[in-house]
Amino acid sequence: MIADLVVTFVFILFAMVMLLGLATLLTWVERKLSAMMADRIGANRCYVKIPLINVKLIALGLFHAMADGLKMMSKERFIPKDADKFLFLLAPWIVFAPVLLMFALIPFGGIIYPEKIFGSFFAGKAYLMQIAPLDGGALIILAISGICIIGVVLAGWASNNKYSLLGSIRAASQMISYEVALGLSLLPMVLTYGSLDLHTMIVAQQGSMLGGVLPAWGIFLSPLTAIIYLTAATAENKRIPFDIPEAESEIIAGFFTEYSGMRMALFMFAEFAEIVIISCVFVVFFLGGYNLPYWDFAGSFPRLAIVLWPTIFFIKVFIVSCFQILVRWSLPRFRYDQLLTFGWKFLLPLAMVNITVVTLFLWLVQKHQ
Amino acid sequence: MKRKEYWNQKEMSYWEKLYYLEIARGLWVTFSVFIKNLYKWCTGKKGALTVYYPEERRSDYASNFRGKHKLTILENGRPKCIACKMCENICPSKSIKIVAGKSPDEKDSYSLKIPLSFDLDYASCIFCGHCVEICPKDAIIMTNDVSELPTYAREKLLYSLSDLLESKKDA
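Chains as they are written, first to last, in the numbering used here: chain A, 1 to 369; chain B, 1001 to 1171.
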């Protein structure tokens, strides 16, 4: 019992550190990557002065995340006069909490036997490196991600500001439209792996296909599914090119126009944390999770695997996150009608066709076995 | 010749309407620039076109750039300024303050008035050059230099007579 608690606590600690740390790092990555793509220098002003030797430690501008936090905390916590105070204060947390919750379902390592390393305290126990090993993981991830939209709508409504309201109306129509495509985009992979459990999916992606040329990852099995998922997920996250709910040049900041200080930071931070979550889901569904292709290191170094699994998972998630930031700094914003046309008339039929093709293919494969 | 019309004419082709191929093309452009700059950074070269301003100055200022005022001096070291206050009056942003006084040498052949203080506030100066044009003695001129504008305190932008006066070496 105590051993279970200790292990779960360690997992939660790792998950928190990885999720929040990576989200903080991504604020830096976003600045620096966009700067390098636009022939600029990027964030480089913030420094820490080492005492006595008078050296300014700039560290490529990494301290800007700390400076951001300090600045946000020292800002005035403003509430508009006619705002609905309770909902106004509640909304950022409804946006932020589901993002943290979703990480509980992501497996970041295989089955470990702590007895081999830490002795008899963990005698005879095996743990899956996942906070909540649930059978219907894929469903629950989709369900929790649907909660975020309530917070966004509440924030716009409670602010009593026309720009906020416009932003939240846009957000509602956009997020509900793309949630359909998001759910349908994950369905072919669930059919392919034959399970809703995320860990089973990762196990199913081990090995290789086409005679050992390609790893049997979801992205190679069905590239179209991966593209549809990434598109719909970016739209869910309200980032450019789908950022009309918070389009700065049109409606100031959209649904969080009236928020300031740490409450505004919660919205921003939720956005970056959701990038990490989207990347995590993408890695689990399409990039083979915590495994390396061609080399089963867990078989050759069972003790080292406890460190290698989370590390490989972290690196994969970081690369996918960087790709999302690359997309954000390359594309212009969709117009409102273009966005809905793209969602309902292009992405949704494409997802339908994709499901049909994958289902037919799987049926043919099963028939000929 | 009829002028070409560009706006609202171009129809998207079939491939362009698929979005994803065009998006991939756009991503390739930004990604290649990123890789190019990353390679330059790794090999110690400078990838950015921008300049890390106060520490690093561009060398290609125009030859007729006028960025810093200078008070010229006579051969005996006395400032050419005769404290007539013409520049103080013409200054559109009221950045110049002159306090006039008597010359210590009572038989000064150049002028009996000297500036006791000559304050130029770069915080409000707009570099219009009116002071240079109006000056009857060519006492104030503008040089190709760049003034130290980025500071942490507004008081540091207030230049006094000794800051503005050219040294004997320059003359």
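Wrong hints could be hidden among the right ones.
[As the list claims (entries may be wrong)] Away from chain B, derived, C-beta distances all over 12 Å, residues of chain A:
| # | residue |
| --- | --- |
| 1 | Phe11 |
| 2 | Leu20 |
| 3 | Ala35 |
| 4 | Ala38 |
| 5 | Gly42 |
| 6 | Pro51 |
| 7 | Gly69 |
| 8 | Lys71 |
| 9 | Ile169 |
| 10 | Gln206 |
| 11 | Ser208 |
| 12 | Phe220 |
| 13 | Thr231 |
| 14 | Val327 |
| 15 | Val358 |
| 16 | Lys367 |
[To be verified] When the alpha-carbon atoms are kept at most 20 Å apart in a straight line, the in silico SDA-like pairs for lysine to any residue are as follows:
| # | chain 1 | residue 1 | chain 2 | residue 2 |
| --- | --- | --- | --- | --- |
| 17 | B | Lys1017 | A | Ile240 |
| 18 | A | Lys345 | B | Lys1045 |
| 19 | A | Lys71 | B | Ser1013 |
| 20 | B | Lys1040 | A | Val29 |
| 21 | B | Lys1036 | A | Ile58 |
| 22 | B | Lys1046 | A | Leu60 |
| 23 | B | Lys1045 | A | Ile58 |
| 24 | B | Lys1045 | A | Ser330 |
| 25 | B | Lys1036 | A | Ser34 |
| 26 | B | Lys1036 | A | Trp329 |
| 27 | A | Lys56 | B | Thr1151 |
| 28 | B | Lys1036 | A | Leu60 |
| 29 | B | Lys1046 | A | Leu230 |
| 30 | B | Lys1045 | A | Arg40 |
| 31 | A | Lys32 | B | Tyr1053 |
| 32 | A | Lys32 | B | Thr1151 |
| 33 | B | Lys1036 | A | Lys56 |
| 34 | A | Lys32 | B | Ser1032 |
| 35 | B | Lys1046 | A | Ile240 |
| 36 | B | Lys1045 | A | Leu230 |
| 37 | A | Lys56 | B | Val1029 |
| 38 | B | Lys1017 | A | Lys32 |
| 39 | B | Lys1017 | A | Ala216 |
Hint data in this document are derived by calculation from the structure and do not stem from the laboratory. C-beta atoms are modelled at their ideal positions from N, C-alpha and C, and glycine is treated no differently.
Structure-based check of all given hints:
No Cβ of chain B approaches the Cβ of A:Phe11 within 12 Å, the least distance being about 35 Å, so the stated non-interface status holds. The claim that A:Leu20 lies off the interface holds: its Cβ sits roughly 26 Å from the closest Cβ of chain B, which is beyond the 12 Å cut-off. With a cut of 12 Å on Cβ distances, A:Ala35 falls inside the contact zone with chain B, its closest approach being about 7 Å. Separation of A:Ala38 from chain B is inadequate, the least Cβ-Cβ distance of about 8 Å not exceeding the 12 Å criterion.
Distance check for A:Gly42 against chain B: the nearest CB is about 8 Å away, which does not clear 12 Å, and the non-interface claim fails. With a minimum CB-CB distance of about 20 Å to chain B, A:Pro51 clears the 12 Å threshold, and the non-interface call stands. No Cβ of chain B comes within 12 Å of the Cβ of A:Gly69; the nearest lies about 23 Å off, and the non-interface call holds. Every C-beta of chain B lies more than 12 Å from that of A:Lys71, the closest at about 18 Å, which supports listing it as non-interface.
Here A:Ile169 stays apart from chain B, with its beta-carbon at least about 25 Å from theirs, past the 12 Å limit. Every CB of chain B is more than 12 Å from the CB of A:Gln206 (nearest about 29 Å), matching its label as outside the interface. For A:Ser208, the non-interface assignment is confirmed: its Cβ lies about 26 Å from the closest Cβ of chain B, beyond the 12 Å cut-off. With 12 Å as the threshold on Cβ separation, the claim that A:Phe220 sits away from chain B holds: the shortest Cβ distance comes to roughly 17 Å.
At roughly 8 Å, the least C-beta separation between A:Thr231 and chain B is not larger than 12 Å, which violates its mark as non-interface. Interface exclusion of A:Val327 from chain B breaks down, the closest Cβ pair being 7 Å apart, not more than 12 Å. Every C-beta of chain B lies more than 12 Å from that of A:Val358, the closest at about 18 Å, which supports listing it as non-interface. Annotated as non-interface, A:Lys367 keeps its C-beta farther than 12 Å from every C-beta of chain B; the closest such distance is 32 Å.
Using a Cα cut-off of 20 Å, the hinted pair B:Lys1017 and A:Ile240 holds, with the two alpha carbons roughly 19 Å apart. Straight-line distance between C-alpha atoms of A:Lys345 and B:Lys1045 comes to about 48 Å, which puts the hinted pair past the 20 Å bound. Distance restraint check for A:Lys71 and B:Ser1013: the Cα-Cα separation of roughly 48 Å exceeds the 20 Å cut-off, and the hinted pair is therefore not satisfied. For the given pair, B:Lys1040 sits about 18 Å from A:Val29 by alpha-carbon distance, which is consistent with the 20 Å threshold.
Distance hint between B:Lys1036 and A:Ile58 is unfulfilled; the C-alpha atoms sit about 23 Å from each other, more than 20 Å. Among the hinted pairs, B:Lys1046 with A:Leu60 is consistent with the structure: their alpha-carbon atoms are about 14 Å apart, no more than 20 Å. With a C-alpha separation of about 19 Å, the suggested pairing of B:Lys1045 with A:Ile58 holds against the 20 Å cut-off. Among the hinted pairs, B:Lys1045 with A:Ser330 is inconsistent with the structure: their alpha-carbon atoms are about 25 Å apart, more than 20 Å.
For a cut-off of 20 Å, the pair hint linking B:Lys1036 to A:Ser34 stands: about 13 Å separates their Cα positions. A distance of roughly 16 Å separates the Cα atoms of B:Lys1036 and A:Trp329; the hinted pair therefore holds under the 20 Å criterion. A distance of roughly 18 Å separates the Cα atoms of A:Lys56 and B:Thr1151; the hinted pair therefore holds under the 20 Å criterion. At most 20 Å may separate the alpha-carbon atoms for a hinted pair to count; B:Lys1036 and A:Leu60 meet this at roughly 18 Å.
Taking the CA atoms of B:Lys1046 and A:Leu230, the gap is near 34 Å; set against the 20 Å cutoff, the hint is violated. Between B:Lys1045 and A:Arg40, the direct Cα distance comes to roughly 13 Å. Compliance with the 20 Å bound is thereby established for this hinted pair. Proposed proximity of A:Lys32 and B:Tyr1053 is supported: the alpha carbons are some 18 Å apart, at most 20 Å. As the CA atoms of A:Lys32 and B:Thr1151 are separated by approximately 26 Å, the hinted pair breaks the 20 Å bound.
A hinted pair counts as satisfied when its Cα atoms are at most 20 Å apart, and B:Lys1036 with A:Lys56 does not qualify at roughly 28 Å. Straight-line distance between C-alpha atoms of A:Lys32 and B:Ser1032 comes to about 15 Å, which keeps the hinted pair within the 20 Å bound. For the hint linking B:Lys1046 to A:Ile240, the alpha-carbon distance of about 29 Å lies beyond 20 Å, and the restraint is violated. A distance of roughly 35 Å separates the Cα atoms of B:Lys1045 and A:Leu230; the hinted pair therefore is violated under the 20 Å criterion.
For a cut-off of 20 Å, the pair hint linking A:Lys56 to B:Val1029 is broken: about 35 Å separates their Cα positions. Straight-line distance between C-alpha atoms of B:Lys1017 and A:Lys32 comes to about 32 Å, which puts the hinted pair past the 20 Å bound. This hinted pair does not check out: B:Lys1017 and A:Ala216 have alpha carbons roughly 31 Å apart, beyond 20 Å.
In summary, the structure is inconsistent with hints 3, 4, 5, 13, 14, 18, 19, 21, 24, 29, 32, 33, 35, 36, 37, 38 and 39 from the numbered list given earlier, while agreeing with the others.
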